[in-house]
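As they're listed, the protein sequences go chains A and B. All you need for my numbering is the position in the first sequence, starting with 1, plus 8. All you need for my numbering is the position in the second sequence, starting with 1, plus 8.
Everything labelled a hint here was simulated from the structure, so no lab data went into it. The structure displayed is predicted, hence computed values, not measured ones. Take the hints with a grain of salt, since some may be wrong.
It does not matter which identical chain is meant; a pair holds if it fits inside one copy or across any two.
Here are the computed lysine-lysine pairs in the DSS-like style, where the Cα-Cα straight-line distance is at most 27 angstroms [said to hold, decoys possible]:
no., residue 1, residue 2
1, Lys56, Lys69
2, Lys211, Lys98
3, Lys95, Lys364
4, Lys56, Lys36
5, Lys101, Lys36
6, Lys98, Lys364
7, Lys173, Lys36
8, Lys36, Lys69
Protein chains: 2
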Amino acid sequence: MSFPEHLLSQTTRSMGVSFIREMIKATKGVEGMISLAGGLPSPDSFPKEQLAALFKEVLEKEGADVLQYGQSEGDDVLKEQILRFEKEPKVLKEELLITDGATNGIYFFTRAVIDPGDVIVCEGPSFNGTLIATEACGAELAAVAMDEEGLLADRVRETIVARRKMGRTVKFIYTIPEFQNPSGRTMSLARRRELIRVARELKVLILEDQPYRDLRFLGTRIDSIWNIARAEFGDEHTVTICKSFSKVLGPGLRLGFAAGPADLIAAMAKWAQKVIVSPEGVVQRVVARFLERDMLEPHLERITAMYRHKREVMISALRETMPPYVRWTEPEGGLFIWLTCPETFDTDVIFHEAAKAGVAYIPGSKFYPSGTGRKNEIRLNFSYATPVDLGEGVARLARILTRG
Amino acid sequence: MSFPEHLLSQTTRSMGVSFIREMIKATKGVEGMISLAGGLPSPDSFPKEQLAALFKEVLEKEGADVLQYGQSEGDDVLKEQILRFEKEPKVLKEELLITDGATNGIYFFTRAVIDPGDVIVCEGPSFNGTLIATEACGAELAAVAMDEEGLLADRVRETIVARRKMGRTVKFIYTIPEFQNPSGRTMSLARRRELIRVARELKVLILEDQPYRDLRFLGTRIDSIWNIARAEFGDEHTVTICKSFSKVLGPGLRLGFAAGPADLIAAMAKWAQKVIVSPEGVVQRVVARFLERDMLEPHLERITAMYRHKREVMISALRETMPPYVRWTEPEGGLFIWLTCPETFDTDVIFHEAAKAGVAYIPGSKFYPSGTGRKNEIRLNFSYATPVDLGEGVARLARILTRG
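With the rest of the complex left out, here is chain A (with noise of 0.2 angstroms):
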């Protein structure tokens, strides 16, 4: 007998799928199979000895404190090491929250902000997890275009304006403005400053999402969007900040933080409260004493010289397969470049084309707002398949683009 579906609540029985889970699903262990499909780290990436160490460690010395009930907004030993990792001592702990990985963190905020039918601005194309995160809480998401400088600021500040006249709540701007997922694009720090200015005129909220911030392989980092608003504008109730540790010491820790406005981390706390109680003990401080003992920036050191590497193999592997009518970026960081065919091409199509030859990507449609998506755009990952198949599976993926 199957469960009866009116028992299940609207928003369950309306809510996507993940399309990316299905399609990395369908891909998985196929034999011969080199997939460029997912997000995931290099496993090489991973200080396994280190944390092995560590874990024992905690668990020997502070086992007592760490296996108990903790504070939902996260452990106080580990918000001090965050900031002194992030060099921002002028940062209250109340301005700090400890997630359960960025996508916890993105899910809190939206909770705290967001009531049904509420607009979010975002990049188009952005990251699936967090659409599907945001229209699971009843938002409505409107994707705006970049340029190679990222969001398009004025773009933002007309849609708010279409959507306020329509009588619409807008309440933030989403972005990812570095290393961006899916399209590996940068936003610059005139735009960073721009888009802070649209945000304080039209008083909405911008939540950044920087999961690879720490993952620069060229090129000089720039200021984080939420650093700008308060050191340059004074301003430290606009902007959210979201980081994780997945990228740097291994998603399955499920470790982030959000850092923001007191009274809004305080509202994120009540929620993170009634959902996880209070993020995993033991990781937090095996993490807090990671940072405590500078072993973070050698870490890093190490596999952005790791990621350097992979990215330009594929790049390499794109500028000698690649027919001339496909584009691509060469971001300065991060996990993913993104491919744009001409305007005929439809990669939702491709991708089964893809498969059988022995490659796997994920086809761009994938990350716009349901019904918005472009057809001829591919994102590629870097980070997971080895130097040699990266190579290879550009080519496959060549052979097909060439023939479509």
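Fit chain B to the supplied structure of chain A, relying on the hints for placement.
Below, chain B without anything else, positioned relative to chain A:
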């Protein structure tokens, strides 16, 4: 400048704070204070050394796997070991969801089935954490009284019928059938069957919360409602059970699970994907190895012996010191004893007097849905304080209640 409140969502603005957390904070670290207020396991109950060795081993041997992204529904290795420990070989993996503790499972269950305004029938009194988490999802709670055999099934039926006559949708019955928080009561086998009959007749679900099930010190284990429904009624979709490793291994681990109909578990996993992505990977595998090596049974024997003794100390002290008009439950397991004073007592007011005298408890009113609480009850915890403090704390409280 304070954060503009109108930017917060309606739910967030009206959401209850946890009075219990506030009270625990207010009485924490006060010189000489004996706290019988919280629901903390004893730090002596944590298997620190065993976990330390397992964390190290899992990271060293399985680090690449457990530090990577995992399934939203939880790790298959852990699921297998849970089914083996629970002696439920016929349960499918698809009927099992690993959660960040039991509260997390309750939240996903509530999100999966509750639309704003829907009704949940619960015990009065019931676990405050569930009340505020389900209210945050827009649920209305209808508390039904218990007798010595637990929730009154006839009253449950009357309540559901009455709400339906008022045009309301009743989605599920929430019960903690064993060593209930806060009352310490256990539902009899006959009452469990009766409750299943009512739920089936009126086509509502049952959410069975079993965080203390493995902490039985006395008496005979009773089949879970979930098991009775499957085994005796051949019904695999009415009951979902939530369990937790918090009270047996340590709440800092944030690990529990839910078992229910596959379609409902899949709906809960869709929420998990959006809210936490997946449970923490390292902890899941460590607990799987703990179970696989048959370390849980002897551990439970050790900690139930410890808690049995603490319970006896508290009951002896109650018998020796309490005035004759105070009654209490004598639970066969769990963490709590429930005191009932004459109707004229107001334990919200007495709380402050008791705190001054150096003993903290949670007033009974905090365990009822808003506005429906009784004022003459008290929850006492016997798991956390030392045996000496348990005796002294009860004696201090007895003096207050004798004068009161």
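Hints, verified against the model:
When the C-alpha separation of lysine 56 and lysine 69 is checked against a cutoff of 27 angstroms, the pair qualifies both within a copy, at 20 angstroms, and between copies, at 9 angstroms. When the C-alpha separation of lysine 211 and lysine 98 is checked against a cutoff of 27 angstroms, the pair qualifies only within one copy, where the shortest distance is 25 angstroms, while the shortest distance between copies is 56 angstroms. Taking the shortest Cα distances, lysine 95 and lysine 364 never come within 27 angstroms of each other, neither inside one copy (49 angstroms) nor across copies (43 angstroms). Proximity of lysine 56 and lysine 36 under a CA criterion of 27 angstroms is satisfied intra-copy only: 24 angstroms inside one chain copy versus 37 angstroms between copies.
Proximity of lysine 101 and lysine 36 under a CA criterion of 27 angstroms is satisfied inter-copy only: 20 angstroms between copies versus 42 angstroms inside one chain copy. With identical chains, the CA atoms of lysine 98 and lysine 364 are never at most 27 angstroms apart, being 54 angstroms at best within one copy and 37 angstroms at best between copies. Taking identical chains as interchangeable, the C-alpha atoms of lysine 173 and lysine 36 are never at most 27 angstroms apart, the minima being 47 angstroms within one chain and 52 angstroms between chains. Taking CA atoms no more than 27 angstroms apart as the test, lysine 36 paired with lysine 69 passes between copies only; the shortest distance there is 23 angstroms, against 41 angstroms inside one copy.
In this structure, the earlier hints numbered 3, 6, 7 are contradicted, and the remaining ones agree with it.
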